[in-house]
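*Asks:* Below, each chain spelled out in residue letters.
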Amino acid sequence: MRCDEVILELAVPSADHDPAVMAEHLAGCEACAEWARRAERLDRLWDATRPTEPTPAAWNAVWSNIAEGLAARETHPVSTTPTPPIVMPARRPTPGRWITAVALVGLAQAAAILVALGLAWRAPSDSPEARLAERDRSIRTEPTAIRSEHLVDPVVDIEAGGLMVIRFDRKSSRLEDRTPAEMNVGADIGMEMTNAMESIATPQMAAR
Amino acid sequence: MPEAPTTAVAMPDELLVSRARSGDQAASAELFRRHRDGAYRLAYRQLGNEHDALDVVQESMIKAFGALSDFDGRSGFRTWLMRIVVNTALDWGRRRNRRATLQLGDGTGASADIPEPADGDDPAHGLQREDLRRALDRALDRLTPALRSTFVLFAESGLSYKEIAEALGIPVGTVMSRIHSAREKLQADLDWDRLSDML
Chain A
39 MRCDEVILEL
49 AVPSADHDPA
59 VMAEHLAGCE
69 ACAEWARRAE
79 RLDRLWDATR
89 PTEPTPAAWN
99 AVWSNIAEGL
109 AARETHPVST
119 TPTPPIVMPA
129 RRPTPGRWIT
139 AVALVGLAQA
149 AAILVALGLA
159 WRAPSDSPEA
169 RLAERDRSIR
179 TEPTAIRSEH
189 LVDPVVDIEA
199 GGLMVIRFDR
209 KSSRLEDRTP
219 AEMNVGADIG
229 MEMTNAMESI
239 ATPQMAAR
Chain B
6 MPEAPTTAVA
16 MPDELLVSRA
26 RSGDQAASAE
36 LFRRHRDGAY
46 RLAYRQLGNE
56 HDALDVVQES
66 MIKAFGALSD
76 FDGRSGFRTW
86 LMRIVVNTAL
96 DWGRRRNRRA
106 TLQLGDGTGA
116 SADIPEPADG
126 DDPAHGLQRE
136 DLRRALDRAL
146 DRLTPALRST
156 FVLFAESGLS
166 YKEIAEALGI
176 PVGTVMSRIH
186 SAREKLQADL
196 DWDRLSDML
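From first to last, the protein sequence lines stand for chains A and B.
Those letters in the first sequence? Residues 39 to 246, by the numbering used here.
Those letters in the second sequence? Residues 6 to 204, by the numbering used here.
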């Protein structure tokens, strides 16, 4: 027998093992023998602390109380019918809930479309046409500094009546759309005024 | 309490249960007489106090006789009753702990109905026994309720592993592992150097 089997048999006797084999193991294994001694002392402690039996008078008093309790139950019977499980009533859908649900779905779809557009806008494009279109768009819409080498052969599409301002300094040049407001629908009025004041101060203009 | 009729001595529990269901108080009294000691010892080991143990027996018997219609006979009446005693003792212990928290040392617990241990001739022996009881009770208190209930059923009720499993509603393997674990903890917790002199 292995030690774990011996200890299991000592703790939870099953009578599956031959006592002679157990005794032989315990005789040769000090650890299991110590476990067996402790188990035996616990059994002795258990026996030594058995409760004192109540007196017959105490039992009679208990029985009287039980009979009284049962009689009281018969007078006021306690239902032994199992309590039915609590069933939560189904919530009725209200118009407000439907509106909220539809609005949430709509918002989710709008968010998805915006994300898709944003990704398409930010995605790099490798075709020459796309690069040109991108540069054209930046020139048209963003009057920010452009490196001079980018303007070696600039493709600038100025509509009839349109007005563009090109500014140069040592390292870069800048193209600004100065098309009047009626020609450039949607332009920033503030930017228009700023540009007008700048063009008065630096009269280098190009027009077609 | 009425004395048990002599014919009831050999009557199986199942028949007494059947009679008790139909309102035969003598049958109920016989069931009480047969199982009161086992129920008392079980409750005492769960609670460590004779007065509380008697109260638990009383409450458990009222519950059992009041719910005989729920007893389906799949396990024996004794197993079913022991389950009720264990659960009632657990509830009782929880209520007692709450009370003890609220009113520390109110001095209650002794009862005129409960005799002192029958060691009156030798006060030293009585004190020794009290020391042993306290030591064992402290060690039992350190077990979880599940371990304590299982071990007490094993050590005190005389139920088989299968009956303990039925009483607690757990697999037999769990019963055995709980008994093993409880025994190891008790053996490790008790101060054997001090207790061995008293045993």
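One thing to keep in mind: the hints can contain errors.
[As the list claims (entries may be wrong)] To give an idea of the chain A side of the interface with chain B (calculated C-beta under 8 angstroms), a few residues:
#: 1; residue: Ala-77
#: 2; residue: Ala-86
#: 3; residue: Thr-87
Since the hints were made in silico from the structure, they are not lab data.
For every residue, glycine included, the Cβ atom is placed at its ideal position computed from N, Cα and C.
*Asks:* If a hint holds in the structure, say so; if it does not, say that too.
*Replies:* So, going through the hints one by one against the coordinates:
1. Ala-77: This hint holds: Ala-77/A lies near chain B, its Cβ roughly 7 angstroms from the closest one there, short of 8 angstroms.
2. Ala-86: Status holds, d = 5 angstroms.
3. Thr-87: holds (5 angstroms)
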